[in-house]
Each structure stands twice: as structure tokens, then as C-alpha cells.
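**Student:** Residue strings, one per chain:
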Amino acid sequence: MKLPAATPSAQPIAESAGRHRSIARRAFGSRTFVAGLCIVGCITMLAVLAPVISRYGPNQQNPFHTLEGPSAAHWLGTDDLGRDVWSRVLYAGRTDLFIGFAAVLFPLIFGTLLGIMVGYFGGRFDTFTMRLVDVIIAFPFFVLVIALVFIIGPGIRGIFIAIALTDWVVYTRIIRSQTLVVRELDWVAAARAGGLSHARVLRRHILPNTIPQAIVYVMSDIVYVLLAVVTLGYLGLGIQPPTPDWGSMISEGQSFLTTNLWLSTIPGVPIVLIGLGLSLCADGLTDVLRPP
Amino acid sequence: MVNPLLSIKDLKVSFRSNDRAMVRAVDGVSLDVHPGETLGIVGESGCGKTTVARAIIGQVQPDEGTIYLDGQPLGRQRTITQRRAVQMVFQDPYSSLNPRMTAQQTLRELLRVHQLVPSSETNRRCQELLEMVGLPSRVLHNYPSQFSGGQRQRLAIARALAVEPRAIVADEPVSALDVSVQATILQLFAELKASLGLTLILISHDLAVVRHLCDRIAVMYLGRIAERGSREVIFDDPRHPYTRALLTAAPRIRRYEAPEDLGLRGELPGGVDIPAGCRFHPRCPIAESICERDDPPLLGLDGDPGHLSACHFRAARVANGSSQVKRLEL
Amino acid sequence: MKPPALELRELAVEFGQGPGRFRAVEDVSVSVADGGTLGLVGESGCGKSITLRAVMGLLPSGAQVASGRLLAGGSELPLAGKGVRAARRRRVAMVFQDPSSGLNPVMRVGAQVAEAPRTVLGLSARRARDRALELLAMCGVPDPKRRAGAFPHQLSGGTRQRVMIAIALSSEPRILLCDEPTTALDVTIQAQILRLLQDLRERMGLTIVFVTHNLAVVGELCDELAVMYAGRVVETGATRQVLDRPRHPYTLGLLRSAVDLDAPVSEPQPIPGVLPDPLHRPAGCAFHPRCWLATPDCTVTDVRLEDVGAGRQSACLNHQHLADATRHG
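Protein chains in written order, with the numbering used here: chain A, 1 to 292; chain B, 1 to 330; chain C, 1 to 329.
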């Protein structure tokens, strides 16, 4: 094809009113997102800086100061073994939050990739995968996780494996639905007609237009996983002592509910706050991740 | 006689509709497209013209029949060269561009994948492509949401041209645009035709659009071609009652009155129940008993083999504007 | 002399608030004689649909009537406030563009047509049903008894549009407002629907206001037309006169750029430039950046519709040039 002449049909084009802002700019322009990020950020920061902030080690026992209320020396008092509650809450946060944030990564990545593959190619692969998804989703999440941890063995390793085996299904479903819609759109047809390979189409045209839903979902998923970890800890199947964990703290404080209420209730507070913060992030992100 | 660039032979495509029935969207279509010509395919909803377009670019697979490019049959899997050869411009400017890619990214991706220009030249070529469609180069970094409908169509045309195709299929390229913008896009097609010798297959429900740009026209009804011929004969001497009905029904600016009764009875049957005999006969104003029994083949007229009609009464000339033929001369 | 069936005076409709506020419709005055047809023509963003919806009392949320008066047969109809819908009962009805979203998908069409006769006209259930069948037959729905029991998705596009017209007629209005009712239909079906509207108008003495972007359709259906651009009316008059001898450059531009079966095969001539952004209207006449007749006055004067004789109006300062040109050209 020869070099064509410039067509004289050039019309004056009005500059559009909206400017394009980068995702980061838009994210920080969303008040909801920023609020959520602050909450999550604060709590995470506190947990990360636990060794610096707390005066006591999490397992430092003091038999002379057991079951004390909040005081200047111990901001949240002490438990039945004289351990400083505030320190324990912070250190437990390090473990629990780490698992919460890290354990969702495999489901997110695996579930998304599987979702776009089955959604795009369909066929028997799709049918088989979706029936598997149906079976796993049929079980209540916590029940399944608890059962798996019971079989695999308690502790961090067990938790990661159990979450990895069960949590990916929702991502696959969400991404697959979205892929089914996107793959019928004309711009995907144009990409294929233009000679682009399936891999390229998946990577550049399908994935960017489907993954936002997964990213928004991952915010709430972190809370689910966190709750699972804490529940396992409460049941004694999660993080094993002596490593502090919010769940086991709640369980240990149970015997003292009438006298030292805060022992069982305080560990729940950061979970609630994280949940709130992530919720706000998800809300703000939905808007931010729209196409420019 | 120049060999056709594209040749469609007995194409048949069926779909499974929502309630599990098979819909014969295209039921035996044969067409040739010659290099440099503009072929129009006209018809109303359900006639199969969009399915033909998608079969040409390979988006749907034929159940029967073959499409030939330069004499070579196109199989289930097309080579990259074959895919590049025919490009499409879609109807809806709002879903035909990836909203997360700028104009430059959209064009550059195609240039890079096919290594059409050395990488140092990519930006320059992107600007050239935009110039060809009348867009200023400063919009290279715009996202589709920043373009109007007409501008998006221009970008879609630039994208089609980027891979240096042999032919472009435009599926209702202007129906979603404002009247004054339609004119600009049609003018652009006319210019590309003149400067590039572009081969264009134009699909439309609007006869006026097709008349403006096309050298030859095929009229489709319910999955088949009802009539085919040069622009002149289709508009001045239509030989199929459906073509005549379309011509009469199309609104005209200075007619100042609603079209006369077309004599069309009923409505388009669902694609599942194709009438026996001539598929148009239940609605046809001049149907006779032969039409209920025998399916008329698409045959050329005596004296003009390039003008074909699938009507038993193809030899009858009917005065312009009139769809009723009271006494037929066979 | 009978008052016009519908008279709209100086309608203005605003959208948004604060810095994003703009007027989608400004200073729109049109009137339709009793039993006449008026076409409102223009491209997207010209305000024709908003005008129609304001007349019907169906403005979307976020839009408010900033000013204007509406009279039907001489008596006032409120454009906003609580009595808006009630005032239009039995006087004005609307036919919408998209039959697939204008009809309730989970209700049989017979029931939808019978709804107004029951609630507005107070007929009994059986009489309302009979009336519904009558209306469906009047609107050319084949085999009305069977169709009445169908759901909208079981009917073809043309039949659905006929059902919508029947619903509009079921409350016995004097005025029918049509918002691009044939745009989504095939051309052969469109021709049938236009004939139907003509028929109904003659038989029932209806007054019709028809909104469309298609000059040919308005030419075939309407006696009078009003051309709108950027929220204002730029030209009005008898259809034949306006389309034969336009008195506003935008109208002429539209005519020249339209592809039409009767026009010569030469290229349609596009109007240079683009439609103005409603948030940034040009000063003076909104069309002046695209107008070959523009004079310095056009960039500053707030142009209004003026009478230019023979029952026509134009909002162009230089309309006389067009009159001379088309007389001699």
C-alpha cells in the first residue's frame, strides 16, 4: 500500500472538556479511598512498628501483675499471665495482617487467570471448571477452611494452603462473567481481525477490562480471610502459641469475661477497623478503576 | 476480466437462538468483490448482512460454503496475512474501541505486532494514519471517551487501515452518527477510495447511504440475496418486489407525503420459520401460486447478466415508485 | 379562531448545579394548531427530546424547568410541581422511541393497553379489555386477541411500536407526543407506522408533535416544523417552505449534508466544525463558528426568533441573504 495523501476532510476538532488523569491522581482524589487507606494504613503501620512502639515483648510474663486494668505502665492492662495486652495486640497484628494480605494473593492471581481463560475459550474446560467452582462454593467458606486446616495441620502453613485451595473460586466466577461480556465487544473482534494472537488479546484487551472487579473484591476478601484466621485461632487450629494471635487472645480471655471484659473484646477492634477501612477503599476504587 | 479479490460461494451460517432453535441467518449467499470496487449489501434486520460481514472477516465460521481470498479458500484458521487482508469498521462507535487504550496505543500495537514499520518510525506512522482520516495528531494521547462519535469512527477507520488491508468491510458505519456527521464519514470513505483505491464492502439498511458510495449493490432478505446489480439498475430498474418496497418506503426529503401503501403484508417471520417456496411470498404484493411452491433461483436477466433477481417475475419492468404490478408482462 | 392545541412559550430547562450548570433548552417557543402536526428536528444535543419531555412533564432527575409557560387549548398546564402528571391526563400522551424499554417486560401487552382505560377512564375490567382489543386493532396489530395475551419480547419491533401507540391512545388524549418512534425500526416498518400515525390523526383529530433527527421523515409526516440547534429553535414554518427554501444556514447545511435518494449522486457536503459543547456555548449565535454567512454582529448579538413573513420565523441575522440566494439559485 503506497503512502496515502493527507485527506482534505480534516475538520477542526474541539478539544474535549475532560482531561485524562492518571490512576494514582484519581485514587488520591477520591475522599472515600483516601479515608479507607488512612485507616488501613494506620493500623498496618502500628502492627509493623510493634517492636519499636511496645515497651514489652509479647510473651514477657510478669506473675506479679496479672489481670490488671489499664494503667500508665500497661495501656490496656495485663492478661492472666501478666503479659502486656497492648503489646500482644500489636504483635498479633503483625502475624494476622500479614496472613490476611498475603493469603489472598494466590487466589487473586490464580482465580483471575483461570477466569479469563475459561471465559474466553469456553468449551469443556469451562464446563468442568465451573462445576468444580460450584461444588466448592456450595460449602460455607469457614467450614471448609476449618476442615482443611484440621486435615493439613494447624499453623501458618495449613492456613495458607487451606485459603489457596478454597478462596480462588469467587475470583474465577467474577472474572469469567466479566470476560464473557468483554469478549463479545467489537474492539476484541477488531483486535483478532487485526491479527493479534489470543495471548495478546487476553493480556492487553481482556485482562485490563476485567481485573478491576477482582481488585475491588479483594478488599472484602482480605477481611474474610482475616476473620478465617482469627476464627481458626479462636478454635486453636490457627497460629499456634507462643506466637500471639487475635483469635487465641479472644479465646484465652473468655474465662475472664465478667471481670476483665477487654481481654476478649479489644482484639476484635482492629479487625472491625480494618474491615471498615478496606470497605471504604473498595468503594473509592470502584470509581477510580473506571476506564479513563 | 479481473479476478475477484473476495469470492463468497454458497455461504450458509446458522445460530442457535435463545430458545434452542436453529436460526438460518445466512442461507446460501454467493458474492464476488472486485479490487477497487465498492459493494453495498442492503437489507433490514434479520436479513443476514451483518453475519455475512462477520463471516468475511472470520469472526464466525460458515456451516457450509467457502470464502476465497485471491482465489485461495479461507479455512477455519486463517494465516496472519489472510487476517490482515480484510478489516472491519463496526457500527457502534462506543463499543468498537478499547476504552483503556489511547489512540496511539491502539495503532501502535498493530504496527508493532506486524512489524509494519521500523520501531523508530512508529510514531510518525501513527500520525500519518490519523492524518489520513482527518484527525489532528495531538489526539494521539486521547482516550476514546474524549472523542465524539464521528471522531471515534475515524479512529476505527485508521485502525483498519493500519494493517494495510486489501479490503475493508464497514458494517453500518454511519447509522449511529448524527446526520451532519454522517456526511463527513461518507466523504472520508469517498476520499480513501479515490486516493488508495480502497476496496470497500458497505453494509447498511439505508439505501441512500449505499447509493452514494457503491458501484454494485446486493439486496438481502431472510438470509438470501433477493437482487444484485450495478447501482444504476438497482435504483432505476429494480426487478424484485422487495427492492421496490425498500425504495418506496425509504423516506425522501422532498416527497412531503408518506409513501404509498407498499402492499407489504405482515412482518418479517422469525428466522426459524422460513416460508416454503419463495421466502418473500407471504408478504409480497404480487405473489402468485407459483411463488408458494417454487423457490425462485437468483438468475441474471436477459440482456444484462450482471443484474440478477430471485423473483419469478424478474422480467417484468415496473414503473419507478410503484410497488404494485397489476398486469404482469412475462 | 380556535386557540392552538399546544403552545409552548419561552421554555428554558437547566441541568446540574453550581459551575456545572447549563441550559439544555433556552427560549423555546413553538405552537401547534388543533389537528396539525409539528416536527421538532435537530441533531443530538439540540434539546428536542428535553423539550418534548418538559411538555409531557417527564423530565429526568437533575433537570429542572427554569422558565416558560405551556398552554393546551388555551388553558394553562403546569410545567413543574405536584400537579404536573394529573394535568396531562386525558389531554397529552407520549410514544417513546425504544419499544424494548418502553413496555413492561413482565406484563402482557393487552393488560398494558387496558391499564389507562381502567385507571384513568374508570372503565370496568371487561370493558377495559374490550377497549384494549379495539385499540390494538385500530393500531393495525394483526390478530389482536392473540397478541393481547403475549409478552413484549414475543412480539416483533413493529408490533411493539404499535402497542406503544395503542397505550398512548388508551387514555384518549387530544395531543400525541412522539419521541423518535421510528428511529429503531426497519424502513418498511417505519413507513407503515408513519401511515398509521397519519391515519389516526385523520380519524381521531389528533394533534401530533414528532421529534426526529431525520429530515425526510419529518418532511413526509408533518405540516409544520421547527429546527433546533444547541438548545434553541432556529427556524420554524410550513414544512414544504422550510425544506424548499430554508431561512437559516443550519437548516440549509443539514439539507446539503443529508444523503437522500432523490438528491443527485454527488457528495453530500458536511457542515464544517462540530456541535458546540453545552457547557461552552459560543457567544452570540451558537452556529456562527460554523457559518459561512457569519458577520461580526453574529458573534455578539443574542439572536432570537423573528418573523420573516409568510408565517415563518428564523433566528438568523442574515436570513435575507438566504431568501435572495434560494430565490435566484
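Some clues are possibly wrong.
Across the chosen pairs, the derived CB separations fall in these ranges [said to hold, decoys possible]:
hint, chain 1, residue 1, chain 2, residue 2, range
1, A, 125, B, 292, 45 to 53 Å
2, A, 138, B, 293, 35 to 43 Å
3, A, 137, C, 62, 36 to 44 Å
4, A, 290, C, 62, 34 to 42 Å
5, B, 3, A, 130, 28 to 36 Å
6, A, 220, C, 62, 55 to 63 Å
7, A, 137, C, 154, 50 to 58 Å
8, C, 151, B, 121, 56 to 64 Å
Derived lysine to aspartate or glutamate pairs resembling EDC-like cross-links, with alpha carbons at most 20 Å apart [to be verified]:
hint, chain 1, residue 1, chain 2, residue 2
9, B, 193, B, 63
10, B, 193, C, 277
11, B, 12, B, 267
12, C, 145, B, 267
13, B, 12, B, 63
Note that these hints are calculated values from the structure, not bench results.
Even for Gly, the Cβ is constructed at its ideal location relative to N, Cα and C.
**Student:** Next step is simple, just say for each hint if it's right about the structure.
**Tutor:** Hint check results:
1. 125(A) with 292(B): 45 to 53 Å: holds, 48 Å
2. 138(A) with 293(B): 35 to 43 Å: violated, 58 Å
3. 137(A) with 62(C): 36 to 44 Å: Given range 36 to 44 Å: holds, Cβ gap about 40 Å.
4. 290(A) with 62(C): 34 to 42 Å: violated, 20 Å
5. 3(B) with 130(A): 28 to 36 Å: violated, 48 Å
6. 220(A) with 62(C): 55 to 63 Å: At roughly 31 Å between Cβ atoms, residue 62(C) and residue 220(A) fall outside 55 to 63 Å, so the hint is violated.
7. 137(A) with 154(C): 50 to 58 Å: violated, 35 Å
8. 151(C) with 121(B): 56 to 64 Å: holds, 58 Å
9. 193(B) with 63(B): Judged against 20 Å, a Cα distance of about 33 Å means the pair is violated.
10. 193(B) with 277(C): Judged against 20 Å, a Cα distance of about 32 Å means the pair is violated.
11. 12(B) with 267(B): This hinted pair is violated, its Cα atoms lying about 23 Å apart.
12. 145(C) with 267(B): It holds: about 17 Å lies between the C-alpha atoms, which stays within 20 Å.
13. 12(B) with 63(B): holds, 6 Å
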